[in-house]
Amino acid sequence: MAIAALTHLTYWYPGGAKPALSDVCLQIDEGLTVVAGPSGGGKSTLLRIFNGLVPHFHGGRIGGSAEVMGLNVIATPTRKMARHVGFVFQDPELQTVYNVVDREVAFGLENTGVPRRQISGRVEEALHAAGVGALVGRAVRTLSGGERQRVALASALAMRPSLVVLDEPTSQLDPEGAQTVLAAATNLVDEGTSVIISEHRLGHLLRRAGGLVLVDRGIVTGADPSTWIPPAPPVRPARSAALGGEAWSLQRVSAGFDGRLVLEGVNLSGRSGEVVALTGPNGGGKTTLLRVIAGSLAPLFGSVWRCRGRVAYLPQNPSVLLHRPTVRDEVSFTLKRSGELERPGTILEGLGLLPVADRYPRDLSCGERQRAALAAVLPGDPALVLLDEPTRGIDSTARGALVVLVARLRDRGASVVLATHDDDLRNALADRVINVRDGKVSEATFAGRT
Amino acid sequence: MNARAVAAWSACSLFIILSTTSPVYKLMVLAAAVSVLAAGAGLRRIRALLVAVLFIGAFATLLNFVSAHLGATVLFALPAQIPALGGPYTLEAMVFGAVGGITIAAAILSAAPLSLLLDSHEVMDALPAPLSRTGVAIAASLNLVPAVVTSYIQVTDAQRLRGWKPRGPRSLMEVVVPVVLTSVEGSIQLAESMEARGFGSGARTTMASRAFRRSDWLVVAASGVALVAFAGSHATGSAGDWFPYPTLTLPTIHPVPTAGCLLLLAPVIVWRSRR
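Chains as they are written, first to last, in numbering that gives the first Met the number 0: chain A, 0 to 449; chain B, 0 to 274.
Calculated directly from the structure, the hints in this document are not laboratory data. Heads up, a few of these hints could be off.
[As the list claims (entries may be wrong)] Across the chosen pairs, the derived CB separations fall in these ranges: (1) B:Leu61 with A:His127: 58 to 68 Å; (2) A:Gly136 with B:Arg169: 47 to 57 Å; (3) B:Ser34 with A:Phe300: 36 to 46 Å.
[Unchecked claim] Residues of chain B clear of chain A, computed beta-carbon distances all greater than 12 Å: (4) Ala10; (5) Leu77; (6) Val94; (7) His253.
[To be verified] Listing some non-contacts, in silico: residues in chain A with all C-beta distances to chain B over 12 Å: (8) Ser64; (9) Pro76; (10) Tyr97; (11) Glu103; (12) Gly132; (13) His203; (14) Arg216; (15) Ile228; (16) Leu260; (17) Leu353; (18) Pro354; (19) Val403; (20) Arg436.
Glycine residues also receive a C-beta, built at the ideal position from the N, C-alpha and C atoms.
Same shape as in the complex, but just chain B (with noise of 0.2 Å):
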């Protein structure tokens, strides 16, 4: 799929997200993010993705349950002498810890497609010219992420066999300043490579950009109908905000923002009809 398409869609996608409080469409969102990634990039490539996106959600709501002590539902009490953690735990604090869960996690989710599904010179040959440069010089860099992790592996096995032992943090400077210190020699190592070919000289052409072509077009068009279903939903007041304090209620559902989401699909569709 083209670059620009998909970063219409997760364009789209992030929007939704970011745009309303009910819990129900940031589902949907999350629902069709993951779909998308499942279908494009398959469960196995995202598994630990997902396990992370799961942490981080599980990890929003109980510092909400724990720090909030707001709500009318009152599960249980610690006592308030207790600092920080007293006072009542509530149905509400956790509900609303949850929902922002959910939103870090569609939001990563949904603007993991980028990195997941595209090549990074695919990226780059979607931004615009003005940002182009920018581009190579980030994907470059992202190049070397598999460097460092080596260096890390061969700095901690070679700090060891020298009689090093992780005591504290004194210690661990011992294996992060090496790592520190060769990642930023790769660093300019590349950038004295990129700089004898050429790198910086003026207006950049490239290779080839992957066609625009019908399927593209077609996330591109659904993508934009979502977008203006949901804001305008949103305008009309039907999209409905949805609020957990001071007493837990359903959030509304409504079938035009519903559909808007249900268009976040499209790209499964598309890459299911191909196979």
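Excised from the complex, chain A in its bound form (with noise of 0.2 Å):
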């Protein structure tokens, strides 16, 4: 039976030029849906239009139709389709209201004037339903990644809806994690909730998809996810140069800020020419890691050493990087900044961002901006590369440029440094793996090692 339908769907955001999503006609049925495509392509548009976020709250002309579970989107408010489609969003920071978990999970009640009577119920079963029944009275700045998303959907939970929509809810989470979410949203369609989900981790759940929508430049096509093949992996690019000798090292350092000692005496180094991942979960030490060798952290104990050479370094989140008015300014400015004479051009052809070179950074997609940012700090010949989460939000095709420009900056000498969850990437690049586990590195043994 059809959930959604949308007819002839176009959608332009505020001031857009081309619509974001071009004549939809998509028909959704009960069950678990996944939405694909590369970054940039409309995917978190085409979801906000399922409990119309858009255009309501993002403003914009919208032509055709969309009903969603009996309901006119265009004619319903977000806040009354609230009642029937719950929505997760990307980041389970952003999307906290309340400082307890029970009370952020009773938000939507409070706000649709459901008794108070009924409300610790509808919690207690909400949490119940996405794993996470033990967290109640919780703060939720004690939660881990994952738990905090969880918490996110047992929020959307609450409001039974008939229809829950996850926008790439684990981009940000480690393995372990994202897989307690996956479990948790593809347990949802047993018990009879439908669930669109747009997510980069496709292999789980397109097993058990009933429906697959693939977003690419505003078109909106149907395949079957029985047969549909995700793209490949990036190939492990061929080494043209042998590796150099120490680029930075670590001797005994102990690390934290705010009181709390985040990594414990930590010995580690890299080489110039070489590529090392640092893996583990979330809140481990891997950022902290990556702050101590660049020489943003100052160690409370034991010493750092770097090579002489600029340091490029990629922040989490790629957005606090961008104040330029365009993408093009953004890489000119570091290499301005560096003196380095390379064309701005090169690593904006590179990562596939000439089309959008000339456009406001943060006009952009997530995904495109995560290129941005690796373009704005990547350009020109650095010493030592330092990538924090670099294909977050970033789909196939940039993750095997982003390998590409990898690879070319360790064959010039570069010492490269990833803290990543992504399996493929650390496959195709690294050449040792370090875990990083509760503030203590370990060497980890590695298939993809040469």
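Join the two chains into one complex using the hints; note that each chain is given alone, in its own frame.
This is the structure:
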């Protein structure tokens, strides 16, 4: 049975010259539907149609019709749609209103005037359905990323929606956290709730999916999930230069902030032309380790040594880098500061950013922003390349381009350190894998080693 | 403690601080506020606040001392030709500045229990229905404060590694702009999330309000009596206004307003009796 039907739907964001979605004709049936496609293609926009955030929250122009759970989306405000459609966003930190778990889950119920005597029961029911029943009463700030995202799922479920929409809910989670969120989402389908999910980790989901929707440059097409072949992982580029001497080293380093010790007694080093991948759970200390190597965070104990030359550092949140009027300006800014002569177009072309080179970086989609941030830090010849979750939100094509770019820097003698949950990236680039857990580091066995 | 009881205590304390000119009663309220915060939150948690308040108080004292060249007791004098700073420096101006500092410090510490001793949802639950939506919006925006701090650290880290150095106001824009834009984007995403969960769809309910217990009534009653005692003393003139100019005099102390100030220690007694 159809739960949603879009008919000749076209949507323009405010001020947009081209439509973000173009003449979409789509029917979504009950069960699990997966939405896939390249970053910047329109997946998030399509998902926001299902609860009316597009067009009611974002504005813009819309044509055609959209009906979800029997409601005319264009005529029904999102706050009314919320009773029927739950929505989980990418970033677990930016969807928290209250600071205690059960109050957070109750937020939607309070908004819709559910009587007080019913709220506790429904909160408990939703937390159990999301697999986090034990978190009642916990402060939200004490939760891991995976727990937070499942609390967000519980917040959507508390409204007892017939449809739950998830927009790349695992993009910021470690594999364990991601697995728990995806398992909770697929369990909902078993219990009769329809789920639409946009996700880059497609393997597990496609086996369960009843429908597959592909979105690319605003064009939406349906496909059969049982026969559709997801893009292949990037190929490991051949090495054209041997490893050089030591490029950085940490001796008995302990580091932390806010009175909390995050790294303890770390001994680690990297060589020129070497790619070291840091793995481990969220909160294990990977970002702190990168900051110490970069020199942004001074160690509390121990010593850090770095070779001379520029440090290229991609932070976990790419937006914090972007402040210039265009993507091209971001690249020029770094090149000018470092005194290097490379043309901005070189890296923009390499990362597939030429079509958006003259756009304002913050107007780009999540994946395009990530690529813009990569372009902003990686031009020229940095001596040390430190990338914190560089494939967050980017599609397989962009991931392939990143692999080529990092391999090129490696072969020119850069020492590369990647903090990543992405197995494909690690397999394509890493010479060594270091597991960072509870502030301690250990060398991991790694099949991709050459 | 129930948020409404804490609010009643804060309101009464603020009334006393702002209605009297006597440094004695202001100091009494200041002492009561420090005691309440120390008993409720612990000295360690309020240390930074106390340092900030001390700094503000010292600044107010200094400002009046150097800018108000009034009073009979001259401590020293700078040549009148020095712009702004020239003239006599008096004991009266220093004391008047100190009293201003005490007023600001006491007012801040009297309002502090609302944020230090209560969770934001407890404050929201205590708001009357017409203010509840505004309260939710404020609480939600307060939740973004840690994210702003984090983004400031990330931005300065990232821009330093791209060659940024703090050189005057223009260079600061390279940090300020991304921090502001990231914060605004965070607010928009939070607003989107709230909308998607039905915020603004009609009359709200709340999951639970903390019950009003006997101890809460005790604090409200003590605050109410303190307020009446102080207002009455003020009306009858027994609370006595005080002004340091032209010559410094000692403020008078009367038993009724003093007792009113001492009643502000009721929350301390409540917390101590529970342990």
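Going down the list of hints, with the structure as the test:
Taken as a hint, the range 58 to 68 Å holds for the pair Leu61 of chain B and His127 of chain A, whose Cβ atoms sit roughly 60 Å apart. Checked against the hint of 47 to 57 Å, the pair Gly136 of chain A and Arg169 of chain B passes, with Cβ atoms roughly 49 Å apart. Checked against the hint of 36 to 46 Å, the C-beta distance between Ser34 of chain B and Phe300 of chain A comes to roughly 39 Å, which is consistent with it. Listed as outside the interface, Ala10 of chain B is consistent with that label: its C-beta sits roughly 25 Å from the nearest C-beta of chain A, beyond the 12 Å cut-off.
Remark: the non-interface label on Leu77 of chain B is consistent with the geometry, its nearest Cβ contact in chain A lying 44 Å away (cut-off 12 Å). At the 12 Å boundary, the C-beta of Val94 of chain B stays outside the reach of chain A, the nearest C-beta of that chain being 39 Å off. Every CB of chain A is more than 12 Å from the CB of His253 of chain B (nearest about 44 Å), matching its label as outside the interface. With a cut of 12 Å on Cβ distances, Ser64 of chain A stays outside the contact zone with chain B, its closest approach being about 21 Å.
Under the 12 Å C-beta cut-off, the non-interface status given to Pro76 of chain A relative to chain B is violated; the minimum distance is some 8 Å. With a cut of 12 Å on Cβ distances, Tyr97 of chain A falls inside the contact zone with chain B, its closest approach being about 5 Å. The beta carbon of Glu103 of chain A sits about 9 Å from the closest Cβ of chain B, which is not more than 12 Å, so the claim that it is off the interface is violated. Against chain B, the non-interface label of Gly132 of chain A holds: every CB pair exceeds 12 Å, the least being about 17 Å.
Every C-beta of chain B lies more than 12 Å from that of His203 of chain A, the closest at about 26 Å, which supports listing it as non-interface. Interface exclusion of Arg216 of chain A from chain B stands, the closest Cβ pair being 24 Å apart, more than 12 Å. No beta-carbon of chain B comes within 12 Å of the beta-carbon of Ile228 of chain A; the shortest separation is about 33 Å. Chain B leaves Leu260 of chain A outside its interface by the beta-carbon criterion, the shortest separation being 18 Å against a cut-off of 12 Å.
Every CB of chain B is more than 12 Å from the CB of Leu353 of chain A (nearest about 22 Å), matching its label as outside the interface. Every CB of chain B lies more than 12 Å from the CB of Pro354 of chain A, the least distance being 23 Å, so the non-interface label holds. Non-interface call for Val403 of chain A relative to chain B: holds, since the shortest CB-CB distance, roughly 23 Å, exceeds 12 Å. Listed as outside the interface, Arg436 of chain A is consistent with that label: its C-beta sits roughly 22 Å from the nearest C-beta of chain B, beyond the 12 Å cut-off.
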